[in-house]
Amino acid sequence: MSATGIGATVRRKEDFRFITGQGQYTDDVVRPGETRAAFVRSPHASAKIKSVDAGAAKKMPGVVAVLTGFDLAKDKIGNLICGWMIHSKDGSPMKMAPHPALASGTVNHVGDAVAVVIGETLAQARDAAEKVKVDYEVLTAVVDPAKAQAAGAPQIHPDIAKNTIYQWHLGDAKATDAAFAAAKHVTKLDIVNNRLVPNAIEPRAALAEYDAGTDNLTLWNTSQNPHVARLVIAAFVGMAPEHKLRVIAPDVGGGFGSKIFIYPEEVVCLWASRKVKRPVKWTADRSESFLTDAHGRDHVTHAELALDANGKILALRAKTIANLGAYMSTFSSSVPTYLYGTLLSGQYDIPSIYCEVDAVYTNTAPVDAYRGAGRPEATFVVERLVEVAARQMGIEPTELRKRNFIKSFPHQTPVIMAYDAGDYLASLKKAVEAADVKGFAKRKREAVRHGKLRGLGYSTYIEACGIAPSQAVGSLGAGVGLWESAEVRVNPTGSVEVLTGCHAHGQGHETTFAQLVSERLGIPFENVSIVHGDTDKVQFGMGTYGSRSGAVGMSAIVKALDKVEAKAKKVAAFMLEAAESDIEFKDGKFTVAGTDKSAAFADVALNAYIAHKFTGAELEPGLKETSFYDPTNFTFPAGCHICEVEVDIETGKTEIVNWTAVDDFGTVINPMIVEGQVHGGIAQGVGQALLEGAVYSKEGQLVTGSMMDYTMPRAHDLPSFHVGLTETKSPSNPLGIKGCGEAGAIAAPAAVINAITDAIGTENLAMPATANAVWTALQGAKPRQAA
Amino acid sequence: MAMVMTGEVQLPASREVVYAKLNDAEVLKACIPGCEELNKISDTELQAVAVTKIGPVKARFKGKVHLTDLDPPNGYKISGEGDGGVAGFAKGGATVALTEKDGGTLLTYNVEAQIGGKLAQLGQRLVNGAAKKIADDFFKNFAATVTAG
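Going down the list, the sequences are from chains A and B.
Counting in the numbering used here, the first sequence runs from 1 upward without gaps.
Counting in the numbering used here, the second sequence runs from 1 upward without gaps.
Please note that a few of the clues may not be correct.
As the list claims (entries may be wrong) - Straight-line Cα separation of at most 30 Å, DSS-like style, residue types lysine-lysine; simulated pairs:
(1) A:Lys133 x B:Lys53
(2) B:Lys62 x A:Lys131
(3) B:Lys62 x A:Lys698
(4) B:Lys62 x A:Lys48
(5) A:Lys50 x B:Lys62
(6) A:Lys50 x B:Lys53
(7) A:Lys133 x B:Lys29
(8) B:Lys29 x A:Lys131
(9) B:Lys77 x A:Lys698
(10) B:Lys77 x B:Lys40
(11) B:Lys133 x A:Lys429
(12) A:Lys698 x B:Lys101
(13) B:Lys58 x A:Lys48
(14) B:Lys64 x A:Lys58
(15) A:Lys147 x A:Lys319
(16) A:Lys559 x A:Lys569
(17) A:Lys698 x B:Lys40
(18) A:Lys59 x B:Lys64
Worth flagging that the hints you see were computed from the coordinates, not collected in a lab.
Just so you know, these numbers come straight off a predicted model, no measurement behind them.
Looking at chain A on its own, in the form it has when it is part of the complex (with noise of 0.2 Å):
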């Protein structure tokens, strides 16, 4: 390993800036001439628009222009769409309704853009939004996922029948429910997967504009898949060919899922742009954020798991009704059924799984793919069924896992997925010995002396990244392919450019790609540069999001430079003048073997370029290669999270006093970053755990629309975690990566409830568990004794 290739804890080169307050975020792009825009939204969850009236508003100072979803229908620009099909269980197709960027007919949430004004200043447009008079016929709203398919729920699209856009199934229902007839255990457990609201500290925004000379378009956006956000803008939305769109996504202040998608206000600036032939911006402020950035999570769920008298377990079923909100957003129809369902059997060896989904609309946000994605749910399902199974049961939460655990790879589950390595035991052992699970009973009698009880939550997740296998996906309903592209540019003097597909938004891939050209290469790692984000300089890529960009994105780049490697060869043998078979790379030197002839690889590379020891019918100038990348499965990471709470016996106020983390992401480049991601995984699976919850009115208000009410978690709800790693080697890529981003999210939750309600004695404790849930739960509870 040399100083900065792979394993090296080398600092985030791109920190300098963002530390330094010189990113260059897109509300920081300026462009002459540039106007802002100001969006008018509905106050009501549920509405007919009867009338808009501009005209007040078009009279006042430094308005440009007044634009209404009319306007956007007139124009003919198509709807937002969501791009991954899935089938009911009786065959037919999702129903997706119409979703266009400006409302005309009916608002189905608050927040619902119907109008946005073009002003010269932001403030003159928001003045000027104030003047747009909407005319409403409220109706009747309905917010609750759970009674959005009652009979005489009111219906929010037209033609789509109980509010469901899908009834999809996985697994095997006979099967299931005769190990459940023939089980000697059943537990049964109802579960509420809290609603969250990203809150990424860069709010979305968005800058377009409009070159009437060309007739080219720019979208300069806040996107963690530029080129996807560019094909969906150009095939679907219709606002301009592929050739004539250019989408910029620059430095993104943070994405969490929230950026991946295609949203309203993209689209808009766009279409005003080319209107009024001026650029225009928008930033969304926090309030705007709250309201129509998509949410995560939402779910409603029936789960039970059947053992025999042993504890090993027979079958698991689960039945779960999942709120997509009011439109159905990019992805949002993966998230609660591949990248859910999917994930149902754990960590374990379980015979038979079947796992019901309805997908509803109701008069909220919509809902998409937010850390983890479905996989945060499926590990609180698994990971609360195993631990209530086995404190019913009386049998050692660990000593059930380990009776359970998947212990011989390849494993084919019955959920599609086949694990391809993992060693579960490794982590779980690793783990309890760093947690010091063994003095925990002498640290809970110490609690209780002072009005505490303490608890231990285990949560062994797992998860499917590296995503995607696009044959793969492509069966399962995705409309794209999820292989990555790299391209590797070697300048004539040596250094060296990756373009990739990967987008960073807080990763650190300028760092951690650099890394691995440095080690392949031998050349010194800020002699690198990696560029991403623009669909200009790379040619296509599928983004950054379920922790992809190592396993998929960086495996493209090993494949680009495996082809640099075979030009530079090539090269270096008309320099040394030696048979190319003879020429031998190592530590950025050309070798010729079992000679002292060398050449050092920015040699070569000027080689390459001035092209005077060969001829151009013996070799193409230049070095330069490209390389898409398409995985063979995705990748499954997995560990053991192990949370120790202390609750007050008189507030419920519950403090994490200890956190334990062994995690097996396969190869690690950057233990530091790697590091740094597992932290803030574990703080947002935290903030689920304990503290946020976005809640709407029965009107369909949102009542934690801002800070006041939403609670984010903040250093001092944390403790200092103890963070550990096991390897075994992912066999689907060249690298053995697995993916770290998403782990401490999906492992979090669960092991935050197993360890209050082991410390209060209740199982009935639903998230957020704030002091108040979990002092009203403790009164219906008596806590167990001290061990």
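Here the structure of chain A is known, so what remains is to put chain B in place on it, guided by the hints.
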């Protein structure tokens, strides 16, 4: 977002006098906090403009006020809805009951209100507090008017 508030206020006047003042547009205009206009369209319908400021949101609400369930001198129901533009909307009503007590009148009220849009997105504690203050101010002003005769 729905809110419920209840309260009572003792007034030194007969129920007939109190009831008449509750139906007097000029009195109501003087008592409603931030009221800029209140015009009678009919005996039971009024047109109102009021400015409200809650935290960072200041809005001019325009709307209609209806008087229903008229039961002189025992009470009535006053309800209305206002449109505050981008700030959102507010609608609701108050059941007002008048009973004789201690030689005067005890006025009790039950307010049910709903707000939406940007207003509802403000901190709940902020909105509930502000709404309670508006109701309190109204009945304080009203009591002062009745006391002044």
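These are the hints, each one checked on the structure:
Annotation: proposed proximity of Lys133 (chain A) to Lys53 (chain B) holds, straight-line Cα distance about 21 Å (limit 30 Å). With a C-alpha separation of about 13 Å, the suggested pair Lys62 (chain B) and Lys131 (chain A) falls inside the 30 Å cut-off, and the hint holds. A distance of roughly 25 Å separates the Cα atoms of Lys62 (chain B) and Lys698 (chain A); the hinted pair therefore holds under the 30 Å criterion. Using a Cα cut-off of 30 Å, the hinted pair Lys62 (chain B) and Lys48 (chain A) holds, with the two alpha carbons roughly 20 Å apart.
For the suggested pair Lys50 (chain A) and Lys62 (chain B), the alpha carbons sit about 18 Å apart, so the restraint of at most 30 Å is met. Straight-line distance between C-alpha atoms of Lys50 (chain A) and Lys53 (chain B) comes to about 28 Å, which keeps the hinted pair within the 30 Å bound. The straight-line distance between the Cα atoms of Lys133 (chain A) and Lys29 (chain B) is roughly 25 Å, inside the 30 Å bound, and the hint therefore holds. In summary, the hint linking Lys29 (chain B) to Lys131 (chain A) is supported, as the alpha carbons are separated by about 25 Å, within the 30 Å threshold.
A threshold of 30 Å between alpha carbons decides the hint, and for Lys77 (chain B) with Lys698 (chain A) the separation of about 24 Å falls inside it, so the pair holds. Restraint check for Lys77 (chain B) and Lys40 (chain B): satisfied, since their Cα atoms lie roughly 16 Å apart, inside the 30 Å limit. For a cut-off of 30 Å, the pair hint linking Lys133 (chain B) to Lys429 (chain A) is broken: about 59 Å separates their Cα positions. Of the pairs offered as hints, the one joining Lys698 (chain A) and Lys101 (chain B) is violated, with about 39 Å between alpha carbons and a cut-off of 30 Å exceeded.
Restraint check for Lys58 (chain B) and Lys48 (chain A): the C-alpha separation of about 26 Å stays at or below 30 Å, so the hint holds. At most 30 Å may separate the alpha-carbon atoms for a hinted pair to count; Lys64 (chain B) and Lys58 (chain A) meet this at roughly 26 Å. As the CA atoms of Lys147 (chain A) and Lys319 (chain A) are separated by approximately 15 Å, the hinted pair is consistent with the 30 Å bound. A hinted pair counts as satisfied when its Cα atoms are at most 30 Å apart, and Lys559 (chain A) with Lys569 (chain A) qualifies at roughly 16 Å.
For a cut-off of 30 Å, the pair hint linking Lys698 (chain A) to Lys40 (chain B) is broken: about 34 Å separates their Cα positions. About 27 Å separates the Cα atoms of Lys59 (chain A) and Lys64 (chain B), which keeps this hinted pair within 30 Å; it holds.
Of the numbered hints given earlier, the model fails hints 11, 12 and 17; all others are met.
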